[in-house]
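Asks: Every letter in the sequence shown is one number past the one before it in the numbering used here, and letter 242, counting from 1, is 1050.
Worth flagging that the hints you see were computed from the coordinates, not collected in a lab.
Since the structure is predicted, the reported quantities are computational estimates derived from the model, not experimental observations.
Heads up, some of the hints might be wrong.
[Unchecked claim] Here are the computed lysine to any residue pairs in the SDA-like style, where the Cα-Cα straight-line distance is at most 25 Å:
#1 K1092 / M1160
#2 K1171 / G852
#3 K814 / K954
#4 K1099 / S1061
#5 K814 / F1113
#6 K1092 / K1171
#7 K1135 / D1070
#8 K954 / L1115
#9 K926 / T1130
#10 K1092 / G1053
#11 K1099 / E935
#12 K909 / K954
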Amino acid sequence: MTIVPKDVIFLSESTESCADRWVAMNVFARTSVGLSSEVFELLGRIANDPEAGGEGPFHCWRIEYFSNEAGLLADPSRFRRNVDEWEELCLTRAELIAELKTHCILVDDETAYRKRFKPKRNLLDREHFGNFHQQHGQHMALARRKDPTDWWMRQKFTEDQLSVRPDTLYGAIQSKFLEAYTETRISEGMTVVDLGCGTGVYSNMMARRGANVLGIDPSEEYLNVARANAVPGTRFENMKIGEVGALDKIPASSADMIFMSDALLFYFVPFYPGQNADIHTLLKDIRRILKPGGLFVSMEPHGVFYLMPWLGAVDRPFVVVTEYLNKSFGIVPPLSWLIQQVTRTGFAVTDMREIVPGDYFEKIDPRGYHFASEFPLWHLIEFRPFSS
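Please construct the entire structure, taking both the sequences and the accompanying hints into account.
Replies: Below, the structure is given as structure tokens:
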């Protein structure tokens, strides 16, 4: 029997110039279709009356696209906000039903539909939804044919690669917060290890505050950028973070602070199949390297709100949280998992911040600003080792 699964919600997107516009969104599958009220009415009757609505024609719109192509912090809702950009379709009943099934607004077999919520088996697998890592990799490789490494740097950093782009939430939230945070936490002569330093932007930020910073990353490509733009007080080395023995070159009790941003999540949900990264090994290394009373700072995408659709009015957002403890799509661990793993290694939580964007960003991206101001997209947690 053809039904609308209970995973589907309906949102009004009508405007003065474009009346009778609805979005049907499958919040689990991250798929959407634009509907007219006649299609909306048909969906309300189809389960009980398979012939409801006649043969058409029916008006609907193709509105779905992979919105995170613009960046990992771009609007993840995956439907076109500007109704003037919707692709109108005028379909027979059979064509409409097929279109709605393509976007999981209608399903014939709910058991088969639910089996699709499994990891992708390979790059060409379009049957299984997979997690965000897999969806993003598939889109970049097959649809855009872009180098993910080059894409990652361009969506986060300015063209000269010396700073974080201020026109994105990376700049408005993460970078703006760290500018103030490092001013209060970094002092002249401190020794800092930046694990997963990438291209070294935050290593340089801490060095400018007077710290001696060792940036560590497993990517030689990123490290080449970091070394080319290094400021005095920084040095960069390639080490396979999380592997046994990888950080042995760093002396015990040598760092006042260890900093990680956007990195611990990969120890819970690997970026690629077979990734060899052990969080227990990593955390033991961090504890060994820190001086007594030293500080481990972890800044990660928010365990609840990251990648959830931005719904509602621009200035009155709401969110539908589709998963938390049992991740199918998400790539960030629940907060309890993160805290438990770190505290079991001999750390205590000493502070936590949920970070919101700077006020200037409202003029750049009002929807992104209001959503992230209510539903934080990053959190920062401070840990200190304790004596047993």
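Asks: Against each hint, give a clear statement of whether it holds in the structure.
Replies: Quick rundown of the hints versus the structure:
Between the alpha carbons of K1092 and M1160 the distance comes to roughly 21 Å, so the proposed pair stays at or under 25 Å and holds. Taken as a hint, the K1171 and G852 pair is broken in the structure, with Cα atoms around 40 Å apart against an allowance of 25 Å. At roughly 36 Å between alpha-carbon atoms, K814 and K954 are farther apart than 25 Å, so this suggested pair is violated. Distance check on the hinted pair: K1099 and S1061 sit about 4 Å apart at the alpha-carbon level, within 25 Å; holds.
For the hint pairing K814 with F1113, the CA-to-CA distance comes to about 21 Å; that is within 25 Å, so the pair holds. With a CA separation close to 44 Å, the supplied pair K1092 and K1171 exceeds the 25 Å bound. Between K1135 and D1070, the direct Cα distance comes to roughly 18 Å. Compliance with the 25 Å bound is thereby established for this hinted pair. A hinted pair counts as satisfied when its Cα atoms are at most 25 Å apart, and K954 with L1115 qualifies at roughly 22 Å.
Distance hint between K926 and T1130 is fulfilled; the C-alpha atoms sit about 15 Å from each other, no more than 25 Å. For the suggested pair K1092 and G1053, the alpha carbons sit about 11 Å apart, so the restraint of at most 25 Å is met. Between K1099 and E935, the direct Cα distance comes to roughly 50 Å. Violation of the 25 Å bound is thereby established for this hinted pair. Under the criterion of a C-alpha separation no larger than 25 Å, the hint pairing K909 with K954 is inconsistent with the structure, at around 29 Å.
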